[in-house]
Every structure is written in structure tokens, then in C-alpha cells.
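K.L.:
Residue numbers (this note's numbering), protein chains in the order written: chain A, 1 to 118; chain B, 1 to 118.
Just to be clear, a hint being listed does not mean it is correct.
Same chains, same label: a pair holds when it works inside one copy or across any pair of copies.
[Stated by the list, open to error] Taking lysine to any residue pairs in the SDA-like style, the calculated list, with each CA pair at most 20 Å apart, reads: (1) 9 x 47; (2) 9 x 32; (3) 9 x 85; (4) 9 x 35; (5) 9 x 25; (6) 9 x 86; (7) 9 x 37; (8) 9 x 89; (9) 9 x 57; (10) 9 x 77; (11) 9 x 30; (12) 9 x 71; (13) 9 x 93; (14) 9 x 48.
Treat the hints as calculated values from the structure; they're not laboratory data.
Letter by letter, the chains look like this.
There are 2 protein chains.
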Amino acid sequence: MEVLKVSSKSNPNSCAGALAGVIRHHGAAELQVVGAGALNQAVKAVAIARGFLASSGLDVVCVPMFADIEIDGQSRTAIRLLVEDRDRRHPATIDVRDSAPAPVAALTDVAALTDVAG
Amino acid sequence: MEVLKVSSKSNPNSCAGALAGVIRHHGAAELQVVGAGALNQAVKAVAIARGFLASSGLDVVCVPMFADIEIDGQSRTAIRLLVEDRDRRHPATIDVRDSAPAPVAALTDVAALTDVAG
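With the rest of the complex left out, here is chain A (with noise of 0.2 Å):
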């Protein structure tokens, strides 16, 4: 399962094209936060993305869990939000899907969002 690390100077419809690109690709993607701040962006992408992936015959819906990790040496608790199709579809079976290329350039911006610090 990708993670892709969301922080609070994330932008959210940067996030939202590159979690649409890695659902369309994958089925699913886990989002994880560190902070209200990071919360915030990550949610307001999943918002979004469900929007992008409408057309694509998909339910978005997303999942969240607690998650114990470590940053400096130090114990934080971070938020995962687990996000794909309601029914677990991967877009690939589904014949309305949006034969659109993923956004290649979102996905880059962030890979580049590994400050978790949110």
C-alpha cells in the first residue's frame, strides 16, 4: 500500500490529484498525518479526490486509524486515513473507468512531502 505523507503546508488539490493518480493505479492509498494542521489538508484532499474519481464510476470513502511511529527518535501518534472504493473495486474492472494517465506531476510534488511534522 502507498503512504503518501501529508503535511500542514501540503496543498490540497495538489494532494488530491496524486492520491486520485495512485488510487486509479493501485485501488487504494493510505494518507498519513502528524498534527490538526497536516489533518486538515489530507481531508480536505480526500474531498477533492473523491470528486476526481467520480468520473471514474468510483465511491471514495476513507478510513481512519491511529498509528504509533517515531520522528527524531521520538514517539508521535499519527493519523492514517486509509482511502479507496467503497466496495474495494480496483478502477482497472470497473468499464466506465476514466482512461485518463495519472498526474504524473502531482505525484512528484509529493513524493517530494516527507516533512510529517504537521
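With the hints as your guide, set chain B onto chain A.
P.N.:
Just chain B, lined up with the frame of chain A:
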């Protein structure tokens, strides 16, 4: 659909109890928040409520959406989290339903949380 307003001062455990109670009775609930702090408490509440409701055979997911609301005559963007079973099953239709009563005290707590400014 019952809408629970969550603020940045709301206790996630109390909200989770209220949320689980509403979902057990009505099958779904909506959490409405304004601001990153309030959203943080709401998402934590959903993660906790998932644990409460798993024992009732429910797989709770959430669907984030933007909502335009008015506070003190000013237009604000709220986030609404629709919280329901993945398959939109009503708890009453599930055989393994936990027969414990809804947490009435917790419901009363949240009824007082009308402060949505986060």
C-alpha cells in the same frame, strides 16, 4: 440524518460514544466541523467509534464533503463527515448486533456542542 457539531474543545471519546449511539439507532450520522482543530477531534472520534462499532459487526467508513454554512452572518466553509457502515447496513439488520443500549449520557454531551467555531 442527525448532524453532530464538533468543536476543537470537544472530547474525542465523548464524541465517539455519541457517534456510535446515533449510528446504532439510525445507521448513519454526520459530523460537522469548522477549522483544523475541530476536524482533528472529529476524525479521532471516528477512529475510536470504529472500534466501538466493530463489535456490532459494522465496518464504519467516512465520506468527507465541503459545506457552505453561515456563522454570525458570515459565510464559512465547513467540512462534513458522513459516517456510516461501508455497505450502508443498518445495525438492526445485522445478526451479531451488540444489544447494549446507546450511550445516552454521551449523546447529551454532544447535544450541547453547538460551538462550531474551530
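K.L.:
Failing hints, ascending?
P.N.:
3, 5, 6, 8, 9 and 13
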